[in-house]
Amino acid sequence: MSKRKNPVGEENPNYDFCNFLLELAEYEKNVSRNMHKFSAYKKAAATLGEHPTRIKSGDEARKLKGIGDKISKKIDEFLATGKLKKLENIHNDPKTEAINILTKVTGIGPAKALSLYNQGFRTIEELQKNPESLTHHQKIGLKYYEDFEKKIPRQEIQEIEKRLKDLIQSIDSLYKITICGSYRRGKSESGDVDTLITHPNWTSDKVNKKDKNPMLKKIINALTVADLIIDTLSLGETKFMGACRLDSEHPVRRLDIRLTPYDQYYCSILYFTGSDVFNKTMRAHAVEQGFTLNEYTLRPLGSTGVPGEPIEITSEEDIFDFIDYPYKKPEDRNA
Amino acid sequence: MPQVKIDHIVSFSSEDPVHAASNILSSDSNKKWKCRSVGEKNASVVLQLEKASQITAIDIGNEHSAYIEVLVSRSSSNDDYKVLLVTSCFMTPVESRQSQNINKVRMFTHEHLSKPECDEKWDRVKIVCSQPFNKHVQFGLSFVRIHSNETRTSATGGTTKIGKFVIRPESPDNILAGNLFAKRKDYKDDKPPTAAAAIRNVTSFTTSPSCKPKILNKNSNTTPKKQANTEEPANKNRNRDELFYDQEDSKGSEKLERIMKKKEEEDAMKRKMEEQVKKSPKVVVRKDNKKAEMAKSPASSRKYDTKRKNEDDSAHTQKPKKSKLSKPFNKLLDNVVFVISGIQNPERASLRSMALEMGAKYKADWDSTCTHLICAFVNTPKFNQVKGKGKIVKRTWVQKCHEERKRLPWRRFALDKNDGNLPESEDEIDELLDVPEVTEYSFDVSDDEHKAEGSDTEERVAKILERQKQDQSSKGNGLDVTNTKTPSIFDLDTDEEEPYLISDNDNSAPDFFRGMKIYIDHSFEEDEFNTLQKYVKAYKGDCLDYVTNDTDVIVTAKENSSLMKENHPTVKCAKSRWILKCHKKQTILPMDEYIY
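Protein sequence lines, in the order shown, are assigned to chains A and B. Reading the first sequence from the start, the letters are residues 1 to 335 in full-length UniProt numbering. Reading the second sequence from the start, the letters are residues 1 to 596 in full-length UniProt numbering.
Don't read these hints as lab results, they were simulated from the structure. Here the structure is a predicted model, which is why all the values come from computation and not from measurement. A few of these clues could be false.
Over 10 Å on every C-beta distance to chain A, these chain B residues come out as not near it, computed from the model [as the list claims (entries may be wrong)]:
hint, residue
1, S27
2, K363
3, R514
4, S523
5, I588
6, M591
Examples of chain A residues toward chain B, derived with CB under 7 Å [claimed, not checked]:
hint, residue
7, E309
8, I311
9, D321
10, F322
No farther apart than 30 Å at their CA atoms in a straight line, the calculated lysine-lysine pairs in the DSSO-like style are these [to be verified]:
hint, chain 1, residue 1, chain 2, residue 2
11, A, K83, A, K56
12, B, K5, B, K121
13, B, K82, A, K206
14, B, K135, A, K328
15, A, K129, A, K104
16, B, K41, A, K65
17, B, K581, B, K387
18, A, K187, A, K29
19, A, K218, A, K206
20, B, K82, B, K41
21, A, K218, A, K165
22, A, K206, B, K115
23, A, K187, A, K162
24, A, K151, A, K112
25, B, K135, A, K329
26, A, K280, B, K135
27, B, K41, A, K280
28, B, K417, B, K31
29, B, K572, B, K540
30, A, K212, A, K139
31, B, K417, B, K558
32, A, K70, A, K29
33, B, K382, A, K206
34, B, K572, B, K585
35, A, K212, B, K115
36, A, K328, B, K41
37, A, K29, A, K112
38, B, K417, B, K584
39, A, K328, A, K187
40, B, K31, B, K5
Backbone N, C-alpha and C define an ideal beta-carbon position, used for all residues, glycine too.
Could you put together the complete structure from these sequences and hints?
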């Protein structure tokens, strides 16, 4: 998943609320490291983003799901003054500012950013001059920093998708390839290319075998030879992270490829399609129905809460069907 | 793996008045437990095991539950249940909604069970069923079997019941005095028919669309020498298999094997001699006019052939023989490729070696070359895979075939009731060796055998005794039988009656109606009435002329059934099919299905 989430566009009646909530969410995640607050802000922003009309008061917002006392007060404050004191403080805090900037580099998370801040780094430029303390991943992130900050237009992803499919299926036509993420949700632009691959011969019962599965390495090799992949951030048995480029005319893009066992493919697709808020709601619903859902499997919960054996799943619809959740097309999962 | 006995039901969440939780204790797989009302969230039952046991495997038969979970506890620890088998899927949402595959069976082995729970001993088992996908059904279990690796104790009482069938103890065969000699006789009977007899066989089955008899004839026409050769690999196979079961078993079958081998050699020698003697015309002719009538019925084909041989002297260019197909024991099942499902060792190994001994081939998994599935219960994964593609039989098929040393029609042992209800196809009748199949034949048993043929019977008993003596002496002298036997003795028309004589001697003739008072209503056509009466008498039942108070059953036609029931409300009214079926199966069947 990409680091940058799209801010809500101005066409949304509540876009300004959403954006300040998202900004608060980022702050909670990166600086205060409070993931629960981060989730709360994200959820509130998602709810507001879905709301068809402009919210006129905090009380009105409060009736919506995911918005409680504190957030409704913030909305009131924003409506009354046009700004938010907490946000002003954050903006004026050089530490927050620096951390927010540093975390934009792939491979640098809040913890690393804080440690870099403590070492005296404040900007990307300072980092580029002294990259000694960075890992390989972070160095590559720094190298393509500008390109990675750019959004990828949908049409470019379509071209990347076509090339990926052609190249991978020329290795073995049985490979199934799906690009997930916001692209699959129909967004006009995305932060990265999130690819899932599976093969009928690769099932979860083979995952723990000692001999390494060479499938992903072969694929990455082929894609590198074809000049699509130009840099590797990390490569394991089942997950590749790297940089790709259609041709020198195009910016370098973040590309993730995951090799998923065939029997877990649809759970993975569901998970990596997101959105993260949608995933959370869906998982919460699954638990209500007596199931546990993650990116690998859907399992029924036993009477003492012990998850049962994985349920056989043959399509994304199956998962919705099992937990009795109305099916939503990927485009409708943006909330 | 022995089964752990379930002592009683400790508790349950709810039960249907008809499908009570106590049904789980019953060995009858038709009895099931269902929750009381539709749409219950989950249904659970707590079972008390006879003693604390380490559970190594669980077989579960479903009844419309989507998920089933098994937890364990000890009665002295307060309801602290641990998961032994995580919630496992038995039905998909689609199956649940459409009520398809509601009785799937899954067998969980040690690998499926949770660690470390599966390595401890438990005496309480809680089974939790749920059906979230269909709120309009009652759900529960059809059976549960818990296995332990502990040595068999009185817990299982030495017998295993599968449905209505009691599985015999492990010993490959009961060897009683005189029994072996009776078996030897079967062997001699099992020599392949001569060419002319084979042709006659084929013609007597021309009504059948099946071409199988011909194929079988071809096989059985192989020369004695060839058979002796083909024996070799079969024996090797068997030896290998004996590694899988305990010594006691193998001892028994080694003994049999030795005897078999000897017999085979004797047979080969005898056949050689017979070929020489064939050139001289037959001299012995039976004068049994009564039997001539029987010969008119094409159904009594075996009798018919024997008969014709006897009466038609001019046709006697070869020795008379039975029209039935016979094969050496190790080729009885030679076109059978079988797969086993739901049966665990050591029984699995013993079944397999029995079938291999009879010439069948074993496969671990079903493929297109397989013909039979030997299956413990319906709806196992293999059962569903094979359904409609192959013959699914109970284990008793192999056991009976082995025990009686003949290939019995599989349909009698069909696991699926639908299969069993279909008429037995001709090819199986063809292979049917010594069991009376045709109606007139059993009439012979009661009438001809005991009355008209009284003197013959004595004659034959004498011959059998003589032959047994010879067998013994031939054993003593090695294999030097050439001068002690003259083939003419064995070439009489006696062969196919012998099993009856033997049975009589053993006191094991079918007499399953013995002690039953049966009234056959006159509402039947005369023919049918006579036939039914014959059967009842043949199997030692009491045929009443009128209904008395202690009548066990009234057999009547449908039109008359209500009248009969009105007049004799205390007596059961059965369909004639009950008698016919009993005759066909050679055993008494539960009447329930046939009652008006």
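Tested hints:
The claim that S27(B) lies off the interface holds: its Cβ sits roughly 27 Å from the closest Cβ of chain A, which is beyond the 10 Å cut-off. Every beta carbon of chain A lies more than 10 Å from that of K363(B), the smallest distance being close to 23 Å; the non-interface claim holds. For R514(B), the requirement that its beta carbon stay farther than 10 Å from each beta carbon of chain A is met, with the minimum near 53 Å. In this structure S523(B) is separated from chain A by more than 10 Å, as the shortest Cβ-Cβ distance comes to about 56 Å.
With a cut of 10 Å on Cβ distances, I588(B) stays outside the contact zone with chain A, its closest approach being about 44 Å. Interface exclusion of M591(B) from chain A stands, the closest Cβ pair being 43 Å apart, more than 10 Å. For E309(A), the interface hint holds, since its Cβ comes within 7 Å of a Cβ in chain B; the closest pair sits about 5 Å apart. The interface hint given for I311(A) holds, since its Cβ lies 6 Å from the closest Cβ of chain B, which is under the 7 Å cut-off.
Checking D321(A) against chain B by beta carbon gives a least distance of about 5 Å; that is within 7 Å, so the hint holds. For F322(A), the interface hint holds, the least distance from its beta-carbon to any beta-carbon of chain B being 6 Å, beneath 7 Å. At most 30 Å may separate the alpha-carbon atoms for a hinted pair to count; K83(A) and K56(A) meet this at roughly 15 Å. At most 30 Å may separate the alpha-carbon atoms for a hinted pair to count; K5(B) and K121(B) meet this at roughly 14 Å.
For a cut-off of 30 Å, the pair hint linking K82(B) to K206(A) stands: about 28 Å separates their Cα positions. Of the pairs offered as hints, the one joining K135(B) and K328(A) holds, with about 24 Å between alpha carbons and a cut-off of 30 Å not exceeded. With a C-alpha separation of about 17 Å, the suggested pairing of K129(A) with K104(A) holds against the 30 Å cut-off. Between K41(B) and K65(A) the CA atoms are separated by roughly 28 Å; this keeps the pair inside 30 Å, and the hint holds.
With a C-alpha separation of about 24 Å, the suggested pairing of K581(B) with K387(B) holds against the 30 Å cut-off. At most 30 Å may separate the alpha-carbon atoms for a hinted pair to count; K187(A) and K29(A) meet this at roughly 24 Å. The suggested pairing of K218(A) with K206(A) holds, with an alpha-carbon distance near 18 Å, which does not exceed 30 Å. For the hint linking K82(B) to K41(B), the alpha-carbon distance of about 20 Å falls within 30 Å, and the restraint holds.
The straight-line distance between the Cα atoms of K218(A) and K165(A) is roughly 14 Å, inside the 30 Å bound, and the hint therefore holds. Taken as a hint, the K206(A) and K115(B) pair is honoured in the structure, with Cα atoms around 21 Å apart against an allowance of 30 Å. For the hint linking K187(A) to K162(A), the alpha-carbon distance of about 18 Å falls within 30 Å, and the restraint holds. Under the criterion of a C-alpha separation no larger than 30 Å, the hint pairing K151(A) with K112(A) is consistent with the structure, at around 24 Å.
Under the criterion of a C-alpha separation no larger than 30 Å, the hint pairing K135(B) with K329(A) is consistent with the structure, at around 27 Å. Our distance criterion of 30 Å between C-alpha atoms is met by K280(A) and K135(B), whose separation comes to about 27 Å. About 25 Å separates the Cα atoms of K41(B) and K280(A), which keeps this hinted pair within 30 Å; it holds. Restraint check: the Cα-Cα separation between K417(B) and K31(B) comes to about 15 Å, which is no more than 30 Å; the hinted pair holds.
Restraint check for K572(B) and K540(B): satisfied, since their Cα atoms lie roughly 19 Å apart, inside the 30 Å limit. Only pairs whose Cα atoms come within 30 Å are accepted, and K212(A) paired with K139(A) is accepted, the gap being roughly 28 Å. Among the hinted pairs, K417(B) with K558(B) is consistent with the structure: their alpha-carbon atoms are about 23 Å apart, no more than 30 Å. For the hint linking K70(A) to K29(A), the alpha-carbon distance of about 18 Å falls within 30 Å, and the restraint holds.
Taking the CA atoms of K382(B) and K206(A), the gap is about 23 Å. The hint holds against a cut of 30 Å. Pair hint K572(B) plus K585(B) holds up; C-alpha atoms about 21 Å apart against a cutoff of 30 Å. For the proposed pair K212(A) and K115(B), the alpha carbon gap of about 27 Å is at most 30 Å, so the pair holds. A C-alpha spacing of about 26 Å is found between K328(A) and K41(B), which places the hinted pair at or below 30 Å, so the restraint holds.
Between the alpha carbons of K29(A) and K112(A) the distance comes to roughly 13 Å, so the proposed pair stays at or under 30 Å and holds. For a cut-off of 30 Å, the pair hint linking K417(B) to K584(B) stands: about 16 Å separates their Cα positions. For the hint linking K328(A) to K187(A), the alpha-carbon distance of about 15 Å falls within 30 Å, and the restraint holds. Note on K31(B) and K5(B): the hinted pairing holds, with a Cα-Cα distance of about 17 Å set against a maximum of 30 Å.
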